[in-house]
Amino acid sequence: MSWQRLILRVNLTTQKCHIESLNMDWAQQYLGQRGLGSKYLFEEMDPAAGALSAENKLIFATGPLTGTMASTGGRYSVITKGALTGAIACSNSGGKFGAELKLAGFDLLIIEGQSTRPVYLSIENEIVELRDASHVWGKTVWDTEILLSADDSLLKIASIGPAGENLCRFACVVNDRHRAAGRSGVGAVMGAKKLKAIAVRGTRGMLCDDNSHACKEIFQSINNRLTNQQGYRRNGTLAMMDITNSFGSLPTRNNQQVQFEQAAKINAEAMQTPNRNGHTNLVTNAACFACTIGCGRICKIDPAHFSIKDKPQYHGASGGLEYETAYALGAACGVADIDASTYAGFLCNEYGMDPISLGGTIAAAMEMFETGILSDTDTGGIKLEFGSAEALCEITELTAKGEGFGQQIAMGSKLLTKKYDCPELSMSVKGQEFAAYDGRSMQGMGLAYATSNRGACHLRAAPYGHDFKSTDIQGKAEVVKISQDEVAFIDSTGLCLFTGGSGWSLSDYCELINTVCEGVWNEQRVIETGERIWNLERQFNLQAGLGKKHDTLPRRILEEPAKSGVGKGLVNKLGEMLPEYYRLRGWEEDGRPSEETLKRLGLKYANQY
Amino acid sequence: MQISIKLLGELHQYLPANGEFNQSKLNIPTGLTLQKILSQLKVPDDLDFILLLNGSLMQEQEYVNITPKSGDEIIIFPPIKGG
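From first to last, the protein sequence lines stand for chains A and B. Per our numbering, residue 1 is the first one in the first sequence, and the count goes up by one each step. Per our numbering, residue 1 is the first one in the second sequence, and the count goes up by one each step.
Next comes chain A alone, as it looks inside the complex (with noise of 0.2 Å):
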């Protein structure tokens, strides 16, 4: 079955490394991967412990169907307490690192402890050993690869860059160049136990079912009902950027706007279409591990560009600019220059950062700079005007490497704006930078940010529908409750949360999902498993402090109404909306989850916190 029953735990105090059996009670409740991570932290770790501390634990974790043929069957999620937050982080990779993982015969790796000195984890199927990294700490995930990867091609490996080494509260974790587990600060939380890098190579393979012959067609023909692949293909997740604009929901600006007036020059089709060289951004579009749908973008920045005329190790392809990228890097900035935000956007990969939360942070600093709360002195003579490409490149650079004024980006927006004493000018919720998406044409969205688990964030409920048809709260709640458990579910098999809007509805899930793991699973109970996802999730938030007045949104958008789209004149009711989706969630009005529903749910009551 595509459980491997194993765990590998890693204890970076006594440098010992063990395996151990996965708990198959634990398996059949939370399934893998975020639930299943989620899980052994709660149980392991003290959610009051700091996030830097050696208390917390830094988990991989693999999902069931991670390391099959069911189309995007590589995605792996990296689970601890988030740097950037204090909450529960859950960020997700693709890439083909987790694939191997799961190869290699583990379903998870535990992480805990601290290091004294920089080591990297070498994995071998079941030949596992902590090495020392001196040679490449202070490298970059790039140069790092390649110095890991010398003597062994085939070595999937997943690393922090500088950014999580100087504990950057936005650092990521990069596997294969430029996928990335990006948000929450995983790579800081990784970066302060001193791993630099795992470097695994998996050969063991695994089995599916008794009749492996059965479960191949049954793979072929559920991923033959992926339909609907071709914008994502086309257009990459860029395609996006044109609807928001037109709806007005792109926040731009640091959210003082909502549309872009300069998108077209950072939209979908600006990436395929030649500059005034004769120079097309884009390259090639990627897939990771067993994807069918190639949403990934390969790009090539103008060698003529200010950015890298003098750089020639930048002249080359690599990952290009997602939806999200070209939002925070681009619009969330005012930045109208792609190549600049590709530029941006390449630095994020190479040296480890979650170009979200820099672009969000920057956001912030622009405004700041033009209001007149930072000067000149502060930002080390860079002029942070939003639209400035030069602005976005340098600070981008100082950041990536710990220097000037990029240390005080590098600790995010709200830990910079509360130390110039302007809060409010950080876009963010529990810390973390928003999406791509403004809360107050799009009113569902702005209640899934703040009853987001891990911070502001546009992959942990999906009301995209809803709020495209309608600006009216009527059924918002419902439809972030019931779609945040359907997620928490989809994150937790292995698979990536586009082949939902691909093609594949619950019951292709369940019918993955009972092709390779015991039990039956139906659609009411890998909903229940979501939703008990999401409230264990809450209480490690709870017990780490993280309660109903961290369910918030920022001043701007509960008061300040959107001045143009279709959400012209509206804020976020957020304040009408949460009492409805506590109610639904089972939760009390203080925002704790009735003793009725964890029960209900098989979560142990323990609301003294």
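None of these hints come from the bench; they were simulated from the model. Where hints are given, some of them may not hold.
With a straight-line cut-off of 20 Å between C-alpha atoms, the simulated EDC-like cross-links for lysine to aspartate or glutamate are [stated by the list, open to error]:
| hint | chain 1 | residue 1 | chain 2 | residue 2 |
| --- | --- | --- | --- | --- |
| 1 | A | K469 | B | E73 |
| 2 | A | K469 | B | E62 |
| 3 | B | K25 | A | E478 |
| 4 | B | K81 | A | D508 |
| 5 | A | K573 | B | D48 |
| 6 | A | K469 | B | E20 |
| 7 | A | K469 | B | D46 |
| 8 | A | K568 | B | D45 |
| 9 | A | K469 | B | D45 |
| 10 | B | K81 | A | E478 |
| 11 | A | K265 | B | E20 |
None of these values were measured; they are calculated from a predicted model.
The hints should help you fit chain B onto chain A, whose structure is shown.
Frame of chain A; chain B shown alone:
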């Protein structure tokens, strides 16, 4: 009269032959309803989509009554999920 149309996301496949990337100019008789324009574009009746007329959200029941004017812009997109 002439109107502008944008067909975003997967819907670019319904662009007229003179369309570029995801937009086109469309010559239509005065008084044509949104419903008739959608039929002319061969957008299937059962397709789930969102329609903006000059930036305003239109509800499906309005398609049979509303007649765009010369120079108007229609944007149509599917309820795709984000990334």
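- Please work out if K265(A) and E20(B) have their alpha carbons no farther apart than 20 Å. 16 Å, holds
- Task: Would you check the hint for K573(A) and D48(B), treating anything up to 20 Å between C-alpha atoms as holding?
- Result: The hint is violated at about 27 Å.
- Task: Measure nothing beyond the straight line between the CA atoms of K469(A) and D46(B); if it is 20 Å or shorter, mark the hint as holding.
- Result: Holds, at roughly 16 Å.
- Compare the distance between the alpha carbons of K469(A) and D45(B) with 20 Å, and conclude whether the hinted pair is satisfied. 17 Å, holds
- Message: Need the status of pair K25(B), E478(A): alpha-carbon distance at most 20 Å?
- Response: 40 Å, violated
- Agreement of K469(A) and E62(B) with the hint, judged by alpha carbon distance not exceeding 20 Å: OK: K469(A) and E62(B) at ~13 Å, within 20 Å.
- Could you grab the alpha-carbon distance between K81(B) and D508(A) and see if it respects the 20 Å cut-off? Holds - the C-alpha atoms of D508(A) and K81(B) are around 18 Å apart, at most 20 Å.
- Task: Decide if the proposed pair is consistent with the structure: K469(A) and E20(B), CA atoms, cutoff 20 Å inclusive.
- Result: 26 Å, violated
- Item | Restraint status (C-alpha distance of K81(B) to E478(A) at most 20 Å) | Holds - the C-alpha atoms of E478(A) and K81(B) are around 17 Å apart, at most 20 Å.
- Distance restraint between K469(A) and E73(B), which requires alpha-carbon spacing of 20 Å or less: Holds: K469(A) and E73(B) sit about 18 Å apart, inside 20 Å.
- Would you mind confirming whether the straight-line C-alpha gap from K568(A) to D45(B) stays at or under 20 Å? 29 Å, violated
Hints 3, 5, 6, 8 from the earlier list are contradicted by this structure; the remaining hints agree with it.
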